[in-house]
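Starting from the given sequences, assemble the full structure and let the hints guide the process.
Following the working numbering, the numbering of the sequence shown begins with 14 at its first residue and continues without gaps.
It should be emphasised that the hints constitute simulated quantities derived from the structure, not laboratory data. A hint or two may mislead.
Stated by the list, open to error - Label-pair distances were calculated between CB atoms; the ranges are:
(1) K18 to V179: 38 to 48 Å
(2) I181 to D78: 23 to 33 Å
(3) T120 to R47: 28 to 38 Å
Idealized CB from N, CA, C, for every residue including glycine.
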Amino acid sequence: MLKQKLKDFKLILASGSPRRQQFLKELNVDFEIRLKDVEEIYPDHLQGAEITDYLAKLKAAALEDTLAENEIAITSDTIVWHQNKALGKPKDYNDAFAMLQSLQGKTHEVITSVCIKTAAKADVFNETTRVTFNPLTDKEIRYYLDNYQPFDKAGSYGIQEWIGLVAIARIDGSYANVVGMPVDKVYQYLSKFA
Numbered sequence: 014m015l016k017q018k019l020k021d022f023k024l025i026l027a028s029g030s031p032r033r034q035q036f037l038k039e040l041n042v043d044f045e046i047r048l049k050d051v052e053e054i055y056p057d058h059l060q061g062a063e064i065t066d067y068l069a070k071l072k073a074a075a076l077e078d079t080l081a082e083n084e085i086a087i088t089s090d091t092i093v094w095h096q097n098k099a100l101g102k103p104k105d106y107n108d109a110f111a112m113l114q115s116l117q118g119k120t121h122e123v124i125t126s127v128c129i130k131t132a133a134k135a136d137v138f139n140e141t142t143r144v145t146f147n148p149l150t151d152k153e154i155r156y157y158l159d160n161y162q163p164f165d166k167a168g169s170y171g172i173q174e175w176i177g178l179v180a181i182a183r184i185d186g187s188y189a190n191v192v193g194m195p196v197d198k199v200y201q202y203l204s205k206f207a
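Listed below in structure tokens is the structure:
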């Protein structure tokens, strides 16, 4: 359905995330992966969705001179926002352990911003999902880190993995957003685009 609407356009996904790639495959659209190295640094005064909006736009700006007239680029950024602090991807095992210790037994927000960029314009939107963790023991956290190695994930966890089955007490909002992209919003936006 979306594939037909986008037949005159070439869709570019600027993400190495296998989860985001899988989402687009499940939408049954043709796309190309185009990666640009972008240093994910943002001004200190930004908070929550301001951070992810900024980084999604920064990633889109890196593609600016490579986009043809008929190309639509999708960039995105996800953070876990907890106690007024952004938790991105962990630096190492100890950082991941500390993140999960801080999240266990509490509620946090997963914020993803998406930038849809053409040669002419860039539009950004974001989605926030509240996630509540059950309490976890240090042993359970180590088990998860040792067996699933979620070091490429914001907040050091993948909700679609073991930890999502045993530790998530509640989700308020989009599950797909927590996995990595608010697919329903991307679909709606691209449907209007064509």
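Numbers of the earlier hints that this structure fails to satisfy, in rising order = Failing hint: just 2.
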